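Q: Chain A is fixed; fit chain B onto it per the hints.
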Amino acid sequence: KQEVTQIPAALSVPEGENLVLNCSFTDSAIYNLQWFRQDPGKGLTSLLLIQSSQREQTSGRLNASLDKSSGRSTLYIAASQPGDSATYLCAVHGSGNTGKLIFGQGTTLQVKP
Amino acid sequence: KAGVTQTPRYLIKTRGQQVTLSCSPISGHRSVSWYQQTPGQGLQFLFEYFSETQRNKGNFPGRFSGRQFSNSRSEMNVSTLELGDSALYLCASSLDGLGNTGELFFGEGSRLTVL
Numbered sequence: 001k002q003e004v005t006q007i008p009a010a011l012s013v014p015e016g017e018n019l020v021l022n023c024s025f026t027d028s029a030i031y032n033l034q035w036f037r038q039d040p041g042k043g044l045t046s047l048l049l050i051q052s053s054q055r056e057q058t059s060g061r062l063n064a065s066l067d068k069s070s071g072r073s074t075l076y077i078a079a080s081q082p083g084d085s086a087t088y089l090c091a092v093h094g095s096g097n098t099g100k101l102i103f104g105q106g107t108t109l110q111v112k113p
Numbered sequence: 114k115a116g117v118t119q120t121p122r123y124l125i126k127t128r129g130q131q132v133t134l135s136c137s138p139i140s141g142h143r144s145v146s147w148y149q150q151t152p153g154q155g156l157q158f159l160f161e162y163f164s165e166t167q168r169n170k171g172n173f174p175g176r177f178s179g180r181q182f183s184n185s186r187s188e189m190n191v192s193t194l195e196l197g198d199s200a201l202y203l204c205a206s207s208l209d210g211l212g213n214t215g216e217l218f219f220g221e222g223s224r225l226t227v228l
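Chains as they are written, first to last, in the numbering used here: chain A, 1 to 113; chain B, 114 to 228.
Any given hint might turn out to be false.
BS3-like mimics (lysine-lysine), calculated; alpha carbons at most 25 Å apart, straight line [what the hints assert, rightly or not]:
1) A:K42 / A:K112
2) A:K42 / B:K126
3) A:K1 / B:K170
4) A:K1 / A:K68
Far from chain A, by Cβ distances over 12 Å, these chain B residues were calculated [to be verified]:
5) P121
6) L124
7) K170
8) R186
Ranges of calculated distance between the beta carbons of each label pair, as one might list FRET restraints [unchecked claim]:
9) A:P40 / B:L196: 17 to 27 Å
10) B:T193 / A:P14: 33 to 43 Å
11) A:E15 / B:S135: 32 to 42 Å
12) A:Q105 / B:Q131: 27 to 37 Å
13) A:Q105 / B:L124: 45 to 55 Å
14) B:G129 / A:N63: 47 to 57 Å
15) B:S140 / A:N63: 47 to 57 Å
It should be emphasised that the hints constitute simulated quantities derived from the structure, not laboratory data.
This structure is a prediction, so every number in the text was calculated from the model and none was measured.
Heads up, the beta-carbon is just placed ideally off N, CA and C, and yes, glycines get one too.
Isolated chain A (complex conformation) (with noise of 0.2 Å):
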């Protein structure tokens, strides 16, 4: 059965920093990773996608990566802004191309300014 994990639960940093976020998951076979950013009381916004057979994926400030063999992906975000703070969730998909993701409980990411 497939687990994801994420930590850390929860993080504060200074504006300006970069920040890395990471998300393990127990089965290799995965048919993709998704990172998604979520607000309080709204719904999940897609900000990377990566391919079983791809390593990384970037947009804009946020580089996400991917390694299959470990059973990990690390999300980074390079200069840190107030507007980042939000709750960053890992997801998984199985094997197949499905509507199916298992998630990680996220990451609470506070930026102060």
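A: For chain B alone, kept in the frame of chain A given last:
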């Protein structure tokens, strides 16, 4: 291009009642998935519909059901509501087909409170 639209956004019900939530996927998307989000359990997969057929099902009791229409719009229903059904219900759509990346796009959710 409109995103995933969920209605209603907020609703309050009492125990024993039933509720129906609606989801309109992104135009052209044929797969619709439903998720329940609670503080204790996080995000959990309910079910997925594709071409009006349930393709996947999570580990929820039979009180939770859904359907998909020919225009890909989907509804989920919860009967005999319990206090523990209070949650944010999220709908996601994806473009299914050969070569698809499998990326899911979520709506804003329907916040259900059961009293």
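Q: Any of the earlier hints contradicted here, and which numbers?
A: 7, 10, 13, 15
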